[in-house]
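Residue numbers (the numbering used here), protein chains in the order written: chain A, 209 to 463; chain B, 209 to 463; chain C, 209 to 463; chain D, 209 to 463; chain E, 209 to 463.
Heads up, some of the hints might be wrong.
Identical chains share a label here; the pair holds if one copy fits it or two copies do between them.
Straight-line alpha carbon distances no greater than 27 Å define the calculated DSS-like cross-link-like pairs of lysine-lysine that follow [stated by the list, open to error]:
id	residue 1	residue 2
1	Lys-248	Lys-392
2	Lys-267	Lys-392
3	Lys-287	Lys-248
4	Lys-299	Lys-415
5	Lys-442	Lys-338
6	Lys-406	Lys-248
7	Lys-392	Lys-442
8	Lys-267	Lys-415
9	Lys-415	Lys-396
10	Lys-406	Lys-442
11	Lys-299	Lys-338
12	Lys-353	Lys-282
13	Lys-267	Lys-299
14	Lys-287	Lys-299
15	Lys-396	Lys-338
16	Lys-442	Lys-248
17	Lys-338	Lys-392
18	Lys-396	Lys-248
19	Lys-442	Lys-353
20	Lys-287	Lys-353
21	Lys-392	Lys-282
22	Lys-267	Lys-338
23	Lys-282	Lys-267
24	Lys-338	Lys-353
If you are wondering where the hints come from, they were derived from the structure by calculation, not from laboratory data.
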Amino acid sequence: MSMEVFLREGRGVLLAYDQGLEHGPTDFDERNVDPSFIMKLAAAGRFNGVVFQKGLAEKYYERRVPLILKVNGKTNLVKGEPVARQICSVKRASELGAKAVGYTIYAGSAHESIMLEEFGRIQEQAHALKMAAIAWIYPRGEAIKNDTALEIVAYAARIGLEVGADAVKIKYTGDVESFRWAVKSAGKAKVFMSGGPKAPTEVDFLKQVRGALDAGATGLAVGRNVWQSSDPLKMARLLQRLVIENLSVEEALQN
Amino acid sequence: MSMEVFLREGRGVLLAYDQGLEHGPTDFDERNVDPSFIMKLAAAGRFNGVVFQKGLAEKYYERRVPLILKVNGKTNLVKGEPVARQICSVKRASELGAKAVGYTIYAGSAHESIMLEEFGRIQEQAHALKMAAIAWIYPRGEAIKNDTALEIVAYAARIGLEVGADAVKIKYTGDVESFRWAVKSAGKAKVFMSGGPKAPTEVDFLKQVRGALDAGATGLAVGRNVWQSSDPLKMARLLQRLVIENLSVEEALQN
Amino acid sequence: MSMEVFLREGRGVLLAYDQGLEHGPTDFDERNVDPSFIMKLAAAGRFNGVVFQKGLAEKYYERRVPLILKVNGKTNLVKGEPVARQICSVKRASELGAKAVGYTIYAGSAHESIMLEEFGRIQEQAHALKMAAIAWIYPRGEAIKNDTALEIVAYAARIGLEVGADAVKIKYTGDVESFRWAVKSAGKAKVFMSGGPKAPTEVDFLKQVRGALDAGATGLAVGRNVWQSSDPLKMARLLQRLVIENLSVEEALQN
Amino acid sequence: MSMEVFLREGRGVLLAYDQGLEHGPTDFDERNVDPSFIMKLAAAGRFNGVVFQKGLAEKYYERRVPLILKVNGKTNLVKGEPVARQICSVKRASELGAKAVGYTIYAGSAHESIMLEEFGRIQEQAHALKMAAIAWIYPRGEAIKNDTALEIVAYAARIGLEVGADAVKIKYTGDVESFRWAVKSAGKAKVFMSGGPKAPTEVDFLKQVRGALDAGATGLAVGRNVWQSSDPLKMARLLQRLVIENLSVEEALQN
Amino acid sequence: MSMEVFLREGRGVLLAYDQGLEHGPTDFDERNVDPSFIMKLAAAGRFNGVVFQKGLAEKYYERRVPLILKVNGKTNLVKGEPVARQICSVKRASELGAKAVGYTIYAGSAHESIMLEEFGRIQEQAHALKMAAIAWIYPRGEAIKNDTALEIVAYAARIGLEVGADAVKIKYTGDVESFRWAVKSAGKAKVFMSGGPKAPTEVDFLKQVRGALDAGATGLAVGRNVWQSSDPLKMARLLQRLVIENLSVEEALQN
């Protein structure tokens, strides 16, 4: 039930590819719509983990990169308070070779209690099968005006810790100082910054990542900023330098 | 857990007959209201599969044509956000000789999460019993203005892939180019075009099918355009030529 | 899992007595409020089956007449979209000597999916214990303007067939021709006409029954038109003649 | 699964003390707030049964008086359509020495189906463990204008019979004649009058009880009219005379 | 299933630290955001128990202080009628070394029945594993105008007793006399005063605690008034004197 398998030098870069279910192929182009491309990229880019839904894991996963199986999900076609229930059993995730399960909790949703309960059960099952449990904590619903506000992001981080997540994926607050508080709130739960939509420029994105790391994050889970990039492998290398080799943005970009 | 049993030359024409529950006998006439007629037609027309609900399978199915047991369903008498829950257990489907289970997911419905969860469980049970799992993905609900729009159909296709369907049944977008994107979005999940309501003319319908095939579809699931036809066996033969022999509409119609 | 035990000459008259839960004792008088009276009537009137809820079966059933145990039900005190859930386990029905379970599906209700799912499970359990599964299909809810309209009754019949009922209990449409279509829609599922509220005259009622039989019905499930009659045994004999001996209304009334 | 343990001369007086959960301690004073007082009163007053929730049974019950364990309940703080779900397992009730389980069904509530289903399951479990199942049937909800109206009380009684209760606890209608119909509607299910709120005078209350008995009731379940009395043991003796010795109100009050 | 492990001289001071999930890190500062700090404080301050959610127990709990594992919880981001479902299994709580499980019931919420039912199940499981079951009873919802009103607090206490809690955590009513009624209403269930938000002054808080004890409380569960204090160990000592040594506020403050 350790996150070690996803880390090098205590840090990790996870390649997220659960957007097909969450957003639909609108995020994709002719190249990255193909999960084989992503699987190859995960290996060639030396990612420390790759995030797939069950269907992709069954049809495309190769055991060269540790797998995080996302066990719940929803489409963005549904209106109203968000809820995503379990689609893949923990046992099935284990059979597919996953080293962790991923689960999204929409904190603040009218259906929050359903997801907290389900995560609670899944976390126990995952640990029993020697898998880590990673919580995507996304505050949503009426009460959430700004989901990158400091107090909201820190709350998200803390929820992950409290409910027993080994690692928590949260949004970046925008600056080091405030994100440090979020990381502190997460305690011994490792924090992965959520890559989010493609940033205007590469440097913008790298600065966010550097900020998160400086604030104490263990790494990031990144999708669109890599596989929507014109040169995904270059972006992968830059992230390796930043995250694993712990270089500055300037150092990483040099050479 | 393979679709092979439903294919000839890598292609398949499935005879759909789940309209009795979904629409009521209003779709039927004195001849096709009788499931025996459909069973005979499936065999005589060399269909690669036949789709029945549990009740029809128990009372009419003969093992000459591979069976897809539709395990959920609903009537069209219910108003509001659609939901269809499991009516037939996977074990029962297997006892009845089914080689696949079929399940409808109303993506976009307020009840989407119930169906995604249920399909997730059913898919695992089906694979454990060596049956394929085929997802009917029908986007519905407030957010869906046009369910044959490119981005909606492609999303439907992708949902099927992500949740682990071996094949996905989706509507045709209207042209080859856009449907190609839907097929691509489905990845290794095989795409079957949904036959839909009876087309104005035979040629209209055949052109749609040819478009879907040219876009990369594996085949189609067709009901009303066959059994509402004045000559169902002729239509069956035309579809065999188009789909299995891969002829053009003109070639298929010749002879 | 055969209906044979409820038939003579391929026909059957079932004595329905589930009104106590569905309508309350307002349907009863000093005599027929007593289930012992009904049990005796069922035997003396040579009914082919008697319909009881669990409580009545436990306290009053004698094995002289085959038992249909109604395993769901509701009161008429509840407003809003109707739903009736399982009250008696299939195992308990079997222990009580039932040869069939009965289950009401309110097709068209916002809760339809709950009942379709539950019936699906119950039907499989009943068959596993060698009992038949009989579906009471009552279309209800916003979309249903007239529940004896041809297309609604035929839809009800078809639902029963599709979901695996061995027999379906539906309302009479009012004329032979239209009811024939309903019977045809039910396919190999046997059709029992629902007796409904007490008809204005005996002859009115007998004509309805005769119409249903002429349309192909297997029989009827009758309650109030028998046990609210001033001479229930006479009515029982008339129904035997009509249904089992297949006489006309005139013939039945003679002698 | 017999009620015999709760009867003397075929009659029974049950001491109800589930008001702590249903109404809160507002019903209590310094003396009767203590369940020990009630337990002693039950024994000294020769009650034929005592009704406790699980918590009271675990901490206060002594096996001198047969126990009815109330296995569901709710507070009166909740607005809207009433629902009370199972709080104590039937197995636990049995371990605590209960000879019966009690369960409230709010007939007419929008949640009626949940309670009918749950009672159905509990009744079967109770019988399997040789305990009786007693239904408190309280019609509630939009449709219920007057819950002591004849047709409502008779319906309540009948529901108990239909769903398999060994005994049913219902409100008094106000006169012998109408309550006789309720008792008749309950058939072989024994009827216990609900004591209700404290009556203006002792004689008023005793007359109600006598009326219920004359109408055929097996006894009553009484709480506030005993333990809110200035002399609970005197009231207990009066009820013994009325119910068990079958005396008139006048006879009971003499001596 | 005894509370003894949490008591010294029949009294107990529990250190509550479930605010991370309930309120978010907004309650915390740089020091007390760290569960290690709390764990050390619990031991050094000689607390009789410490309250953690599963995640904290897994990552920070040391067996020097008896553990109460809070098995349900929710965030304060959700609007509407409150509900908190089970996040940690009772089995897991036991493996983590817990001597009790804690569970919050929002009495008066539209979802009350869900929590009463879940607590009922958890209480039985906890007792089977020799753990106590402690109920946090918080009246909430439309009907609750003032949750420290005498009748509401006494009702809360009584609910705990009725549903089988070994101890109940309730708010203070504000004065000894009224809280005595609440304690009496709780019967043999031990009463712990809820510490609540940080009081204006230390003395204010200590007077409340003293009042609760004088009213018969077994102790208190305190969080913010200790770990938001500038000198938490001093506050811990004061509480020991007040609660365990049973000193007056003046005596406790001397020396």
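Do the hints match the structure? See the list:
1. Lys-248 <-> Lys-392: between (35 Å within a copy, 18 Å between copies)
2. Lys-267 <-> Lys-392: between (39 Å within a copy, 14 Å between copies)
3. Lys-287 <-> Lys-248: neither (35 Å within a copy, 44 Å between copies)
4. Lys-299 <-> Lys-415: Neither. Shortest intra-copy (39 Å) and inter-copy (45 Å) distances fail the 27 Å Cα cut-off.
5. Lys-442 <-> Lys-338: Close neither inside one copy (34 Å) nor across copies (43 Å); limit 27 Å.
6. Lys-406 <-> Lys-248: within (21 Å within a copy, 44 Å between copies)
7. Lys-392 <-> Lys-442: between (31 Å within a copy, 26 Å between copies)
8. Lys-267 <-> Lys-415: neither (35 Å within a copy, 31 Å between copies)
9. Lys-415 <-> Lys-396: within (24 Å within a copy, 37 Å between copies)
10. Lys-406 <-> Lys-442: Only inside one copy: Lys-406 and Lys-442 sit 15 Å apart there, 52 Å across copies, limit 27 Å.
11. Lys-299 <-> Lys-338: both (11 Å within a copy, 17 Å between copies)
12. Lys-353 <-> Lys-282: So Lys-353 and Lys-282 pass the 27 Å test inside a copy (22 Å) and across (19 Å) alike.
13. Lys-267 <-> Lys-299: Both. Shortest intra-copy (17 Å) and inter-copy (24 Å) distances satisfy the 27 Å Cα cut-off.
14. Lys-287 <-> Lys-299: neither (31 Å within a copy, 35 Å between copies)
15. Lys-396 <-> Lys-338: Within. Shortest intra-copy distance 18 Å satisfies the 27 Å Cα cut-off; inter-copy 30 Å does not.
16. Lys-442 <-> Lys-248: within (14 Å within a copy, 47 Å between copies)
17. Lys-338 <-> Lys-392: Within one copy only: 26 Å inside, 35 Å across.
18. Lys-396 <-> Lys-248: between (32 Å within a copy, 16 Å between copies)
19. Lys-442 <-> Lys-353: Neither way: Lys-442 and Lys-353 sit 36 Å apart in one copy and 40 Å across, limit 27 Å.
20. Lys-287 <-> Lys-353: Cα proximity of Lys-287 and Lys-353: in one copy and across copies (17 Å, 13 Å).
21. Lys-392 <-> Lys-282: Between copies only: 21 Å across, 30 Å inside.
22. Lys-267 <-> Lys-338: both (23 Å within a copy, 16 Å between copies)
23. Lys-282 <-> Lys-267: Within one copy, since 20 Å is at most 27 Å while 31 Å is not.
24. Lys-338 <-> Lys-353: Neither: 38 Å inside a chain and 45 Å across chains, both beyond 27 Å.
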